[in-house]
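Number of protein chains: 6
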Amino acid sequence: MELSALEKTSILIEALPYIREFYGKTVVIKYGGHAMQSCELKRAVMQDVVLMHLVGMRPVLVHGGGPEITQMMERLGKKPEFIQGQRVTDAETMEIVEMVLVGKINKEIVAEINRLGGRAVGLCGKDGMLIEAEKQSGDVELGFVGQVRRINPGIIETLIAEGYIPVVAPIGVGPEGESYNINADYVAGELAAALKAHKLVLLTDVEGILADKKDPSSLLSAVEVTRVPELIEAGIISGGMIPKVQCCIRALEGGVARTHIIDGRVPHSILLEIFTDKGIGTMVVP
Amino acid sequence: MELSALEKTSILIEALPYIREFYGKTVVIKYGGHAMQSCELKRAVMQDVVLMHLVGMRPVLVHGGGPEITQMMERLGKKPEFIQGQRVTDAETMEIVEMVLVGKINKEIVAEINRLGGRAVGLCGKDGMLIEAEKQSGDVELGFVGQVRRINPGIIETLIAEGYIPVVAPIGVGPEGESYNINADYVAGELAAALKAHKLVLLTDVEGILADKKDPSSLLSAVEVTRVPELIEAGIISGGMIPKVQCCIRALEGGVARTHIIDGRVPHSILLEIFTDKGIGTMVVP
Amino acid sequence: MELSALEKTSILIEALPYIREFYGKTVVIKYGGHAMQSCELKRAVMQDVVLMHLVGMRPVLVHGGGPEITQMMERLGKKPEFIQGQRVTDAETMEIVEMVLVGKINKEIVAEINRLGGRAVGLCGKDGMLIEAEKQSGDVELGFVGQVRRINPGIIETLIAEGYIPVVAPIGVGPEGESYNINADYVAGELAAALKAHKLVLLTDVEGILADKKDPSSLLSAVEVTRVPELIEAGIISGGMIPKVQCCIRALEGGVARTHIIDGRVPHSILLEIFTDKGIGTMVVP
Amino acid sequence: MELSALEKTSILIEALPYIREFYGKTVVIKYGGHAMQSCELKRAVMQDVVLMHLVGMRPVLVHGGGPEITQMMERLGKKPEFIQGQRVTDAETMEIVEMVLVGKINKEIVAEINRLGGRAVGLCGKDGMLIEAEKQSGDVELGFVGQVRRINPGIIETLIAEGYIPVVAPIGVGPEGESYNINADYVAGELAAALKAHKLVLLTDVEGILADKKDPSSLLSAVEVTRVPELIEAGIISGGMIPKVQCCIRALEGGVARTHIIDGRVPHSILLEIFTDKGIGTMVVP
Amino acid sequence: MELSALEKTSILIEALPYIREFYGKTVVIKYGGHAMQSCELKRAVMQDVVLMHLVGMRPVLVHGGGPEITQMMERLGKKPEFIQGQRVTDAETMEIVEMVLVGKINKEIVAEINRLGGRAVGLCGKDGMLIEAEKQSGDVELGFVGQVRRINPGIIETLIAEGYIPVVAPIGVGPEGESYNINADYVAGELAAALKAHKLVLLTDVEGILADKKDPSSLLSAVEVTRVPELIEAGIISGGMIPKVQCCIRALEGGVARTHIIDGRVPHSILLEIFTDKGIGTMVVP
Amino acid sequence: MELSALEKTSILIEALPYIREFYGKTVVIKYGGHAMQSCELKRAVMQDVVLMHLVGMRPVLVHGGGPEITQMMERLGKKPEFIQGQRVTDAETMEIVEMVLVGKINKEIVAEINRLGGRAVGLCGKDGMLIEAEKQSGDVELGFVGQVRRINPGIIETLIAEGYIPVVAPIGVGPEGESYNINADYVAGELAAALKAHKLVLLTDVEGILADKKDPSSLLSAVEVTRVPELIEAGIISGGMIPKVQCCIRALEGGVARTHIIDGRVPHSILLEIFTDKGIGTMVVP
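Chains as they are written, first to last, in the working numbering: chain Y, 14 to 299; chain G, 14 to 299; chain B, 14 to 299; chain C, 14 to 299; chain P, 14 to 299; chain E, 14 to 299.
Hints in this document: simulated from the structure, not taken from any laboratory.
Hints may be right or wrong, so weigh each one.
Treat identical chains as interchangeable: a pair holds within one or across any two.
Said to hold, decoys possible - In silico lysine to any residue, SDA-like type, Cα no more than 20 Å apart, as pairs:
hint, residue 1, residue 2
1, K55, S23
2, K38, H211
3, K55, L67
4, K55, I26
5, K55, L19
6, K55, E191
7, K226, Q84
8, K55, A18
9, K148, E121
10, K92, L155
Take the sequences, apply the hints, and build the full model.
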């Protein structure tokens with residue numbers, strides 16, 4: 014794949030202005046799904062994060078971790094139970110969730126970013142009181158499933174000012190020091206809002222929002238917030254996409270400039286989103 | 014216990030000059046043993062750490078975690094094995110060690126310090142590449158038991174400059190991103206040296222070094238490094254005290270001003286050590 | 014008087030939070046009366062000031078000087094005369110007042126603070142135009158008895174920013190460069206207001222404000238400004254206490270957070286006021 | 014020319030590390046020859062300079078101007094005369110050279126860079142005493158042809174620190190304020206040395222140094238300084254290439270990290286040199 | 014001319030307070046007319062500028078250049094043509110104007126200031142987009158005669174902050190990068206306004222505004238803006254003085270504190286204006 | 014005395030470069046003798062000090078005070094006694110010396126400088142431990158006559174950095190806080206050395222050093238340190254001039270650039286020394 018001088022310069026002339034635009038800007042990335050299972054995709058995501066940092070951007074990673082939690086529960090003889098897609102989390106389950114997310118997955122990501130030349134630091138919501146949480150409101154009893162009460166972004170700001178890449182496990186801390194299990198998309202949205210991030214990027218397992226779900230070429234490259242209700246009505250935004258779009262709206266309300274739902278299955282989809290005119294996936298805009 | 018004005022002022026006049034002396038100074042505390050098991054002692058240690066921070070000192074906590082690791086191993090059907098007091102650590106054990114130390118104990122300490130008004134951040138050796146490690150040298154095959162190859166204290170310095178209290182789990186990271194289980198006393202000693210800390214304080218389950226082990230009143234309040242060989246020879250320093258004294262020596266060689274082995278069973282022993290003329294326990298001096 | 018570890022730590026745990034609260038805060042102390050005559054009390058006051066400074070507070074001392082002025086007048090064959098407790102001050106008397114306050118008492122205090130390890134600098138109202146004054150208004154002709162027209166606190170701020178302890182003689186300067194003799198309590202109150210000090214502490218020769226003047230146990234530990242008129246009415250605040258309370262009110266109006274009238278006859282009464290929960294004497298609060 | 018996502022990301026992954034490497038680095042570019050005559054090439058060079066600046070580099074342009082000087086001389090009835098490739102420069106010619114270089118060409122470049130979004134400032138050697146010069150030594154009498162005596166880079170450093178792009182006309186100033194005409198390659202080399210620039214790039218009208226002058230594929234991508242004499246001996250470096258190589262050597266001696274002789278006829282050759290692994294033209298290295 | 018100690022000190026006592034008043038203040042000087050033709054006056058102006066700079070003022074020079082442009086046009090066979098005192102400027106004339114002003118006169122002034130110990134930098138309106146211009150409005154077709162559309166004073170501020178003396182040629186730049194010939198008085202007035210200069214000084218070839226044009230002793234030392242219309246009515250302000258007074262008014266409206274029309278034929282008239290109580294010429298005041 | 018424009022500009026052109034040369038420079042002035050007795054001279058000295066400060070210099074004044082001390086002693090019935098020109102100073106005399114110098118003369122100077130627009134602060138050697146002293150060595154018993162043991166210039170540096178004019182009374186402080194009476198010339202010399210002052214100026218009651226004491230026109234405008242012994246031998250430097258020359262030598266050894274002995278009887282002699290090419294009095298140079 015040897016490209017001509019002309020092809021190379023055309024891409025550079027396209028990409029270089031973005032470097033300037035994003036210099037010193039904070040980008041919150043929710044990392045999960047397929048991109049977390051495949052070794053090749055995992056490395057591509059970490060490489061993208063390290064490159065973003067290299068050219069002066071300030072990436073912040075929020076990760077999920079479903080399958081490994083379930084495995085550990087099973088090894089310990091606990092039976093995972095879900096209600097409306099959310100894990101029922103009793104005290105013992107919470108302890109397992111925290112050990113796996115904070116003590117295993119978070120630190121593996123940190124180690125991989127460092128191996129590729131970045132300088133990552135892993136955090137959970139207890140560190141510097143990053144994520145103050147409370148029991149999730151609602152009718153269903155889910156135990157220690159929480160929602161964000163307040164973000165204290167100071168620790169993240171300290172770390173990015175010194176050139177570190179924060180990696181955040183979505184565990185919140187309650188008034189008595191107790192832990193809460195929180196959906197990673199929501200944490201990413203709230204964190205982006207609290208940091209007044211420039212961008213929020215949610216890695217998903219689909220192309221973005223499709224006008225016709227069977228036709229990948231029907232991708233909507235941008236969706237305005239005001240059009241969201243009618244798109245839900247029409248079934249174009251549905252299922253797991255609804256909470257993701259809500260996270261984008263929450264972030265936009267909090268002052269984030271742009272939010273993106275992109276396809277985590279495409280290698281280096283983050284780079285393509287940031288450094289090309291066309292971008293990738295669906296942008297949710299105010 | 015109402016003290017007279019005279020008694021109060023005498024203690025204040027004794028204590029205040031230490032505030033000045035230690036202002037802005039880093040103190041590394043190895044926290045473990047009995048003080049980690051008793052709820053009352055645990056809270057007293059955390060309160061001391063918060064008070065130290067309050068008056069301008071910069072405490073750094075390094076913790077151990079033996080019994081809880083053993084419990085988790087047993088729950089997972091692994092049989093703990095020790096050789097010469099060190100835990101044999103195969104890959105699966107290492108994963109359990111890391112989850113318990115980093116995902117459970119470390120974050121409980123962080124949450125407790127925060128609850129008492131401090132602002133703690135938990136770290137392991139992977140965060141910011143804090144502790145680069147390698148397999149422990151020696152004849153015995155212990156698996157992922159490691160030794161410190163290099164401390165990169167930047168992340169600690171960043172955090173204390175911003176007023177956070179770092180809490181460190183003694184996990185090191187190898188060249189390929191793999192984890193190592195390291196003795197917490199050694200980590201504390203190396204960290205104190207790398208930070209050019211003012212003090213290293215090791216909390217133990219004894220009074221200090223006793224000339225006569227049966228007589229608590231025979232406490233040696235200070236031991237010079239040059240006298241250590243003869244004290245070992247004489248059996249006065251023996252058993253688990255030997256590696257602790259070695260950690261002190263290592264820290265002193267690295268530029269730490271003072272090292273202390275104190276009795277973690279006495280409530281607020283850290284405050285007594287720092288703010289009274291007499292101190293507590295045994296000071297190892299150059 | 015050997016106190017137990019428990020007693021010591023209880024006092025430290027009580028005192029340490031005040032260190033933090035007062036760190037970098039300015040405290041104006043009016044020093045006079047009995048505490049200026051007794052050698053032991055004098056040294057205790059200076060020691061308190063040095064300790065306050067040592068732990069990061071910013072003490073400013075304002076002193077009086079009555080008896081020594083009278084002595085010098087008598088040596089020079091001048092007969093001291095008082096009207097309503099104020100010294101009649103002709104031009105010659107003013108010269109003597111200034112020489113004794115500025116050239117003798119002020120510099121003795123400076124030298125003593127320096128001997129105890131502080132770094133004091135003596136000032137009068139002419140230095141840096143600190144205290145602009147004018148003839149005291151009123152019916153009685155008292156000559157060069159003055160009142161504060163304006164405080165220029167710049168020189169004090171410069172000195173405390175560089176770690177010096179300012180010691181102020183209550184001499185004001187008039188529009189033509191002439192000197193005025195001003196009551197030290199008033200100078201302290203105005204200075205505290207101009208510096209937006211955290212505290213004003215007036216050392217007196219009584220316990221504070223007593224509900225029953227014959228019963229020291231009837232001490233009012235706090236008096237609200239709004240209650241002052243009725244307390245004067247009731248004769249509880251009377252005589253020399255009235256102008257002291259007025260100085261406190263003036264300082265509170267100027268933005269000082271707390272004002273205290275304490276017993277200068279108790280050694281280290283300043284330390285007790287600052288570092289104990291109970292304090293000492295009477296606090297006048299808004 | 015629509016490139017695939019894979020092709021785009023491969024170029025980005027290649028280019029991004031150079032952004033970091035060159036961030037804040039000074040690059041001196043000698044601009045002349047063919048690239049100065051063609052409108053398309055002219056614009057491409059200016060665009061490259063603006064993009065370099067956009068991503069944080071600090072370009073400094075030195076320009077020549079032969080043909081236009083000759084035209085103006087002819088309009089004024091002066092007959093241009095050359096000895097060994099250098100213009101014989103009497104006082105009247107010097108005035109014309111200065112007016113054309115400083116008052117016309119320099120300001121046209123400045124206006125074009127500004128039009129493309131940069132912020133350029135034109136300078137000659139008199140501004141801030143940038144280029145102190147003296148009559149060129151040698152046997153031939155060339156009048157006001159000069160050589161660099163000293164560079165005072167302060168004005169350039171001031172401008173680049175504030176985000177301006179300096180554009181330098183190669184006019185030097187003598188001890189009496191008189192002007193000298195200096196070869197632009199030499200000015201670029203000396204300026205790069207005085208600025209401790211990271212790179213010196215000379216735009217020429219050839220591919221670089223060719224092992225076989227008839228075969229463009231015989232380009233030497235790097236030439237070590239120590240090999241230069243033998244390459245001159247062998248006729249591989251000859252003619253106008255010799256002084257260019259000497260400028261490179263002078264810059265390397267002065268502390269410049271890398272020097273490049275590249276083909277100004279290729280559009281965007283500067284971008285290709287900087288942001289691709291292979292580069293373009295010949296690099297002269299120590 | 015040996016003056017007595019008394020005479021010397023009286024002048025110093027008069028002059029020194031002005032040093033303080035003008036320290037760090039920007040003074041825009043329009044330099045033209047007779048003072049530009051005589052060698053002695055030229056040097057006296059440059060010396061004044063260097064002395065102003067030496068004592069901490071920030072002079073900015075704007076120069077004209079009429080006669081030399083005409084000479085060069087004639088050498089190139091162009092016939093100068095004027096309408097209402099303004100030079101008709103076709104494209105070819107514009108090129109000559111720019112070459113002479115920017116490439117010759119500007120750089121001669123720069124070289125002379127540097128020779129006297131200052132550090133000057135020459136600029137035209139293209140540098141840093143200093144002077145954005147547009148075609149002069151009005152009925153008469155004058156070609157590239159322009160008027161100021163916007164001043165971007167950043168480059169001047171950068172230079173004076175670093176201790177350089179900016180020397181400005183009155184060439185503006187249009188939206189397409191084209192050049193405009195602008196009256197130097199107007200440029201000086203607009204520049205003074207944009208810089209919020211402290212003073213604007215216009216050097217002219219008359220004593221100032223005379224109540225009786227035949228009587229130099231009838232000089233008006235100050236004229237209030239509100240009186241200008243009646244003075245024009247009365248013929249006291251007339252001819253070339255009208256636009257100069259308008260420049261002063263424009264500068265005063267833009268925030269300049271004082272404007273002066275002084276006699277450029279008196280050696281060191283600038284020093285006399287600045288450092289004596291009486292000043293020289295006519296001050297136009299709000 | 015109306016001077017011509019030419020005369021005025023010639024003085025300004027002479028004086029202005031000195032403004033630059035002395036900007037930010039410290040000048041220590043010993044003020045005493047005749048200039049302290051005459052009201053007109055007193056005011057001229059203070060005016061000079063305020064003007065120096067106004068144009069950016071940093072004057073430091075050291076004053077004496079002989080006659081007033083003697084008067085006060087006589088009023089108190091003490092008989093002044095002198096041995097070899099030095100005042101015998103018992104404890105009581107010391108107290109009087111301190112009160113008069115610090116409490117009267119010093120503050121009068123401070124008030125006068127402030128009245129003229131400066132911002133003075135009076136100090137004695139106790140303030141900030143400025144002058145550490147010890148009993149003067151030698152055979153004669155003079156009581157509390159002291160010599161400088163160490164200067165701690167911190168307080169002076171703090172004050173001049175903030176724009177204050179320090180006024181120093183020559184009282185030193187001994188190890189126990191006791192006061193010493195020190196010769197003001199010596200204090201000025203030592204202070205100049207400790208401050209690395211640019212100039213030391215001693216105001217005297219003579220023209221300077223005269224080759225022929227009867228002939229004022231025989232003034233030596235400069236004396237090299239190496240020539241001092243022969244000039245003493247020849248009786249040209251004699252009597253009270255000897256210690257003054259020694260102070261100059263001491264200051265030069267300590268790094269002061271220039272020292273001057275000037276005639277305090279000439280009004281504004283300080284201005285003449287600083288701002289004219291010829292200066293006034295005798296310069297002692299290395």
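Here is how each hint holds up against the structure:
1. For the homomeric pair K55 and S23, the shortest alpha-carbon distance between copies (17 Å) is at most 20 Å, but the shortest distance inside one copy (29 Å) is not.
2. For the identical chains of this complex, K38 and H211 are intra-copy neighbours only, at 6 Å inside a copy versus 27 Å across copies, given an alpha-carbon limit of 20 Å.
3. For the identical chains of this complex, K55 and L67 are intra-copy neighbours only, at 18 Å inside a copy versus 31 Å across copies, given an alpha-carbon limit of 20 Å.
4. Taking the closest pair of Cα atoms, K55 and I26 come within 20 Å of each other only across two copies (16 Å); inside a single copy the shortest separation is 29 Å, beyond that limit.
5. Proximity of K55 to L19 under the C-alpha cut-off of 20 Å is restricted to the inter-copy arrangement: shortest distance 16 Å between copies versus 32 Å within a copy.
6. In the homo-oligomer, the alpha carbons of K55 and E191 lie at most 20 Å apart only across protomers (17 Å), although the nearest pairing inside one protomer, at 31 Å, exceeds that limit.
7. For the identical chains of this complex, K226 and Q84 are neighbours neither inside a copy (32 Å) nor across copies (50 Å), given an alpha-carbon limit of 20 Å.
8. Taking the shortest alpha-carbon separations for K55 and A18, only the inter-copy value of 18 Å comes in at or below 20 Å, while the best intra-copy value is 31 Å.
9. When the C-alpha separation of K148 and E121 is checked against a cutoff of 20 Å, the pair qualifies only between copies, where the shortest distance is 19 Å, while the shortest distance within a copy is 28 Å.
10. Taking the closest pair of Cα atoms, K92 and L155 come within 20 Å of each other only inside a single copy of the chain (14 Å); across copies the shortest separation is 34 Å, beyond that limit.
In this structure, the one hint that does not hold is number 7.
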